[in-house]
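Work out the full structure: start from the sequences and follow the hints.
Protein sequences appear in the order of chains A and B.
Residues 1 to 174 in our numbering are what the first sequence spells out, letter by letter.
Residues 1 to 178 in our numbering are what the second sequence spells out, letter by letter.
Keep in mind the hints are simulated off the structure, nothing from the lab.
A couple of the hints might just be wrong.
[Unchecked claim] Taking lysine-lysine and the DSSO-like style, the derived pairs with C-alpha atoms no more than 27 Å apart in a straight line are:
id	chain 1	residue 1	chain 2	residue 2
1	A	LYS135	B	LYS2
2	A	LYS135	B	LYS69
3	A	LYS163	B	LYS143
4	A	LYS163	B	LYS150
5	B	LYS153	A	LYS156
6	A	LYS25	A	LYS10
7	A	LYS25	B	LYS153
8	A	LYS151	B	LYS153
9	A	LYS125	A	LYS163
10	B	LYS143	A	LYS150
11	A	LYS151	B	LYS140
12	B	LYS69	A	LYS163
13	A	LYS140	B	LYS69
What you are looking at is a predicted structure, and each value in this text was computed from that prediction instead of being measured.
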Amino acid sequence: MTSSMSNLVKILEGFNPFVEEIDEKEVKITISSDKVVAVLETLKSNGYSHLSLMTCIDWIDDNQLELVYILFSWKNGGKFLVSTRIDRNDPKFVTVKELWPVARFYEREIHEFFGVEFEGNDDMKPLFLELWDEKPPLRKDFDPRDYSRKKFPDRKYEKDVIKEAKIFRGEING
Amino acid sequence: MKERTIWEQIADSFRSRSIWMLHYCTGCGAMELPPTMTARFDMERFGITPMATPRQADIMLITGYLNTKTLRRVIYTYEQMADPKYVVGFGSCTINGGIYFDSYSTINRLDYYIPVDVYIAGCMPRPEAILEAFNYLMEKIRKGEADGWKRYKENYDWYKQNQIRSLGEVYVHDEFHE
Numbered sequence: 001m002t003s004s005m006s007n008l009v010k011i012l013e014g015f016n017p018f019v020e021e022i023d024e025k026e027v028k029i030t031i032s033s034d035k036v037v038a039v040l041e042t043l044k045s046n047g048y049s050h051l052s053l054m055t056c057i058d059w060i061d062d063n064q065l066e067l068v069y070i071l072f073s074w075k076n077g078g079k080f081l082v083s084t085r086i087d088r089n090d091p092k093f094v095t096v097k098e099l100w101p102v103a104r105f106y107e108r109e110i111h112e113f114f115g116v117e118f119e120g121n122d123d124m125k126p127l128f129l130e131l132w133d134e135k136p137p138l139r140k141d142f143d144p145r146d147y148s149r150k151k152f153p154d155r156k157y158e159k160d161v162i163k164e165a166k167i168f169r170g171e172i173n174g
Numbered sequence: 001m002k003e004r005t006i007w008e009q010i011a012d013s014f015r016s017r018s019i020w021m022l023h024y025c026t027g028c029g030a031m032e033l034p035p036t037m038t039a040r041f042d043m044e045r046f047g048i049t050p051m052a053t054p055r056q057a058d059i060m061l062i063t064g065y066l067n068t069k070t071l072r073r074v075i076y077t078y079e080q081m082a083d084p085k086y087v088v089g090f091g092s093c094t095i096n097g098g099i100y101f102d103s104y105s106t107i108n109r110l111d112y113y114i115p116v117d118v119y120i121a122g123c124m125p126r127p128e129a130i131l132e133a134f135n136y137l138m139e140k141i142r143k144g145e146a147d148g149w150k151r152y153k154e155n156y157d158w159y160k161q162n163q164i165r166s167l168g169e170v171y172v173h174d175e176f177h178e
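Printed below as a string of structure tokens:
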């Protein structure tokens with residue numbers, strides 16, 4: 001952790017975070033979900049103004065979804081990962097589109113692939129999938145093979161031992 | 001198969017020597033086309049040249065995996081092409097899904113949705129294999145065996161039924177103007 005980053009972590013101590021150092025310039029902050037927007041605002045006003053990525057992870061055993069915001073600073077190249085966990089059965093969170101307008105699209109994507117509702121973001125049209133008719137596909141309890149078998153018929157493979165032996169011996173061109 | 005008249009045989013013979021290929025690259029297989037088109041392998045010596053619009057093209061090359069979103073556009077494009085039209089399935093993804101066999105959005109076999117005249121196996125097929133397949137396709141056109149476009153008309157209901165089963169709806173919605 002560089003000195004400027006540890007100073008920033010000291011500022012954030014009031015939010016009661018769990019701080020993990022991943023790399024020299026990469027720090028992960030885990031906080032409870034009601035303090036996320038305040039932490040993001042603090043980081044943004046301290047130079048971490050670029051939202052590199054916003055993503056979601058499904059922890060099915062804990063029955064929780066983890067939301068991760070990756071913030072990048074163009075001044076010193078540091079990265080802050082702000083992470084929080086929300087309930088998996090009723091996934092709801094607030095939008096950060098007022099802080100970063102680009103978050104609209106990340107939120108649309110997370111809504112599409114994990115089923116998280118973002119309060120305040122009205123535009124929740126599907127972004128990538130068309131006419132999706134199942135549960136959100138990146139949740140761990142969704143079985144893609146089962147879905148593929150149901151929806152996209154497969155080619156039957158009939159084993160012909162004699163033909164394969166002939167190809168193997170070079171008699172016919174496979 | 002119906003016997004062709006002498007004029008149809010002559011037309012097929014000419015057709016086979018000037019195939020225009022629709023430049024619609026759906027997957028990673030498109031990577032093998034630049035060396036095939038350019039000086040190293042030079043497919044223009046066989047009379048095959050890339051064409052930008054579906055209405056002027058003769059063959060459609062499906063290079064690699066197709067997800068449901070792309071398949072809708074491919075079906076649109078295929079139906080726009082003028083009539084003697086041929087489809088080449090390129091790479092193992094079009095044959096059985098390849099490494100995307102269990103994907104939730106990638107189809108597993110192409111000939112359920114549009115008729116395929118020639119398949120090229122491999123992941124990826126080398127430019128030699130592509131040229132071999134094109135020569136085979138030209139041979140098939142000359143013999144009158146490449147009749148995928150006729151099969152599509154005869155079995156239109158079957159193809160439509162498969163398309164609707166996998167896609168739900170073939171119609172492409174315009175997200176920005178509706």
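What are the numbers of the hints the structure violates, in ascending order? 1, 4, 7, 9, 10, 11 and 12
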